[in-house]
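Protein chains in written order, with the working numbering: chain A, 1 to 352; chain B, 1 to 318.
It is worth saying that the hints were derived from the structure and are not from the lab. Bear in mind the structure is a predicted one, so any value in this text is a computation, not a measurement. Please note that the accuracy of each hint is not assured.
[What the hints assert, rightly or not] List of simulated lysine to any residue pairs, SDA-like, C-alpha gap at most 20 Å:
{"hint": "1", "chain 1": "A", "residue 1": "K295", "chain 2": "B", "residue 2": "H140"}
{"hint": "2", "chain 1": "B", "residue 1": "K291", "chain 2": "A", "residue 2": "G8"}
{"hint": "3", "chain 1": "B", "residue 1": "K82", "chain 2": "B", "residue 2": "G195"}
{"hint": "4", "chain 1": "B", "residue 1": "K291", "chain 2": "B", "residue 2": "A243"}
{"hint": "5", "chain 1": "A", "residue 1": "K288", "chain 2": "B", "residue 2": "Q251"}
{"hint": "6", "chain 1": "B", "residue 1": "K291", "chain 2": "A", "residue 2": "A122"}
{"hint": "7", "chain 1": "B", "residue 1": "K123", "chain 2": "A", "residue 2": "L139"}
{"hint": "8", "chain 1": "B", "residue 1": "K115", "chain 2": "A", "residue 2": "L139"}
{"hint": "9", "chain 1": "B", "residue 1": "K291", "chain 2": "A", "residue 2": "G149"}
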Amino acid sequence: MINTILSGDLPRSRILAFLLSAIVISLAFAPFLFPGTRSLDVAARVCVFVLLVASYDLLLGYTGIVSFAHTMFFGIGGYGVGIALARLEPGWGAIGLGTLAALAASLALSFVIGLFSLRVRAIFFAMITLAVASFFAILASQLSGFTGGEDGLSFKVPELLRSRTAAYYLVFAASAALFLVLLRVVNSPFGRVLLAIRENEFRAEALGYRTVTYRTLANCLGALVATLAGALYALWLRYTGPNTTLDFAIMIDILLMVVIGGMGTMYGAVIGATLFVVAQNYLQDAMKLVHEALKGAPAVPTLLPELFHPDRWLLWLGVLFVISVYYFPRGIVGQLSSPRPSNPRQRASGAR
Amino acid sequence: MNSTRFDFVPFLLLAGVALGALALIRTPSTWVTLTVAGLAMGLLIFIMASGLTLVFGLMDVMNFAHGLFIALGAYIAASVMKVMGGTLAGLVPAMLAAMLAAGVLGFAFERVIIKPVYGQHLKQILITTGGMIVAEQLIHVVWGPDLQPLPRPEALRGAFLIGDVALEKYRIAAVVVGLTLFAALAIVLNRTRVGLLIRAGVENSEMVEAMGYRVRRLFVAVFVAGSALAGLGGALWGMYQEAVTVAIGAQMMVLIFIVIIIGGLGSVTGCFVGALLVGLLANYVGYLAPKVALGSNILLMVLILLWRPQGLYPVGKS
Numbered sequence: 001m002i003n004t005i006l007s008g009d010l011p012r013s014r015i016l017a018f019l020l021s022a023i024v025i026s027l028a029f030a031p032f033l034f035p036g037t038r039s040l041d042v043a044a045r046v047c048v049f050v051l052l053v054a055s056y057d058l059l060l061g062y063t064g065i066v067s068f069a070h071t072m073f074f075g076i077g078g079y080g081v082g083i084a085l086a087r088l089e090p091g092w093g094a095i096g097l098g099t100l101a102a103l104a105a106s107l108a109l110s111f112v113i114g115l116f117s118l119r120v121r122a123i124f125f126a127m128i129t130l131a132v133a134s135f136f137a138i139l140a141s142q143l144s145g146f147t148g149g150e151d152g153l154s155f156k157v158p159e160l161l162r163s164r165t166a167a168y169y170l171v172f173a174a175s176a177a178l179f180l181v182l183l184r185v186v187n188s189p190f191g192r193v194l195l196a197i198r199e200n201e202f203r204a205e206a207l208g209y210r211t212v213t214y215r216t217l218a219n220c221l222g223a224l225v226a227t228l229a230g231a232l233y234a235l236w237l238r239y240t241g242p243n244t245t246l247d248f249a250i251m252i253d254i255l256l257m258v259v260i261g262g263m264g265t266m267y268g269a270v271i272g273a274t275l276f277v278v279a280q281n282y283l284q285d286a287m288k289l290v291h292e293a294l295k296g297a298p299a300v301p302t303l304l305p306e307l308f309h310p311d312r313w314l315l316w317l318g319v320l321f322v323i324s325v326y327y328f329p330r331g332i333v334g335q336l337s338s339p340r341p342s343n344p345r346q347r348a349s350g351a352r
Numbered sequence: 001m002n003s004t005r006f007d008f009v010p011f012l013l014l015a016g017v018a019l020g021a022l023a024l025i026r027t028p029s030t031w032v033t034l035t036v037a038g039l040a041m042g043l044l045i046f047i048m049a050s051g052l053t054l055v056f057g058l059m060d061v062m063n064f065a066h067g068l069f070i071a072l073g074a075y076i077a078a079s080v081m082k083v084m085g086g087t088l089a090g091l092v093p094a095m096l097a098a099m100l101a102a103g104v105l106g107f108a109f110e111r112v113i114i115k116p117v118y119g120q121h122l123k124q125i126l127i128t129t130g131g132m133i134v135a136e137q138l139i140h141v142v143w144g145p146d147l148q149p150l151p152r153p154e155a156l157r158g159a160f161l162i163g164d165v166a167l168e169k170y171r172i173a174a175v176v177v178g179l180t181l182f183a184a185l186a187i188v189l190n191r192t193r194v195g196l197l198i199r200a201g202v203e204n205s206e207m208v209e210a211m212g213y214r215v216r217r218l219f220v221a222v223f224v225a226g227s228a229l230a231g232l233g234g235a236l237w238g239m240y241q242e243a244v245t246v247a248i249g250a251q252m253m254v255l256i257f258i259v260i261i262i263g264g265l266g267s268v269t270g271c272f273v274g275a276l277l278v279g280l281l282a283n284y285v286g287y288l289a290p291k292v293a294l295g296s297n298i299l300l301m302v303l304i305l306l307w308r309p310q311g312l313y314p315v316g317k318s
């Protein structure tokens, strides 16, 4: 049965299987295992970011395209729900309407961007998406009458979701279901074609697959899932604003999670997002201890304690990111599941 | 770059934009002020973008961390100006220090970050983005997270008044520096042996290699020069805004990308026209319809790509 649920893509390594089940079990029983607002918040963030990162991995890891506009779609989802709930009666109808409108907007936008720029090279797509996303972020903060500007929107949620536990389980269930859908997609014939395009575009085209169509579809699918993740995040926070969804820093976070977790494997998203969100919340505490210790210690160069200042946690993850791209292109999951690629073809794919 | 068949249409477009704006703005004095501001901004963007587009043309490398050199240049200039007491005498050392620091960092960056990932676009984008994250954090470590003031020297504040036309002194200075650099760059590229090799390398680097020249070495030189120019541009731009934050690099990157996409990836002439177009349009639209100003660059990019999908001056490679 597990094989069917996971679409036949089992985590081919005992350590990985153990880690994944530990994460899933902790998330499933988070409200009981880790009582307290902060830890429940961390758990919900992990759920949302696993989904978001998985949808980004569909683009980066499976299709081989780098988009810097993923936060834009994340934001569209958040603003769709936020605006609907802030303007209409706070009920399930408003949530549905907002989500649908956001999905339609994301679909149209990702389709246009894809058609416009996926024909040419990866670099071009990356540059265009960066420009469009930054424009969108400015737009959202400028149209303050509609989006709440820099302050964002706070809104009321339906009665049921006011209980934190219920809201958490909505986020958890929806994220898990969508994650399994993504797992299904990448293990379908469609997903194989995406992999083929990533490995060798010309050959895929020569075999009769229209690469532009497949890439555009993957781009749209990734955008739609990101939109849903944004909607879930907004429902959890009961707030939407530029800093929680559209900020370029979040785009960087997503990149870090995908690469550290492992590109081209959906489980990488789970590991990467969990590690990152936990680090984001708890690494700073650890660094604070080191910072204080170094500051007190004599005979330490003045800049050294600053390297461990709690606000510099991203520095260390950035270093990890660079090392990952060079030495572990398939990330933590790639290392765990196949330390030595036996098949030369796999080796080639790892080197890319 | 064949001078007999030089494509003047983009330059006509530039003139058309300026004249069209004159027709819409109606008051000539305002128009002159805006045009000078637009030229100053465009030339500064050109200084920062030219290295990036050449690097791409030569080695097919897109450095997403180019903004880093801009930020570093601005920070270094702010520190030097602080030491020198913010006088005009400090200006030249500040600019030189910014260029030197950005150039050295560019050299290190090329060796450590970019060299291992030639020819792998996906990794290039990832690794340069990663390098940017780390370096931004290091800038925070050295200078702290707060905004650094970068005041203009006394002599460059205020404005000249000619009739009823107000011309900000700093903008005039920026235009002069920008035009000088453009002229220098044009001479180096068009009149020297190195320039010839660079242009040939952009057209067809394999052929240049086959002739026995080391494109790799040329590339490193262009990368370092481009980084130094970005540092200078960052210093000038920081002074334009009179304050420096680490976000300055990321902000400019978006404009720079738009400029080099408009110009055609790898084309210096295209980069020049694109930068002036973006600079002028930003100022005109900012005056005529401030609400639309933010979208004007994206709209410009879309329109130009619809007209010429490879940019204004397409470079031979596919």
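Hint check:
1. K295(A) - H140(B): Given pair K295(A), H140(B) holds - Cα atoms ~17 Å apart, limit 20 Å.
2. K291(B) - G8(A): 52 Å, violated
3. K82(B) - G195(B): 37 Å, violated
4. K291(B) - A243(B): 24 Å, violated
5. K288(A) - Q251(B): 31 Å, violated
6. K291(B) - A122(A): Between K291(B) and A122(A) the Cα gap is close to 32 Å, so the pair fails against 20 Å, i.e. violated.
7. K123(B) - L139(A): Roughly 30 Å between the alpha carbons, so the hint for K123(B) and L139(A) is violated.
8. K115(B) - L139(A): Status violated; Cα separation ~37 Å.
9. K291(B) - G149(A): 14 Å, holds
Of the numbered hints listed earlier, those contradicted by the structure are 2, 3, 4, 5, 6, 7 and 8.
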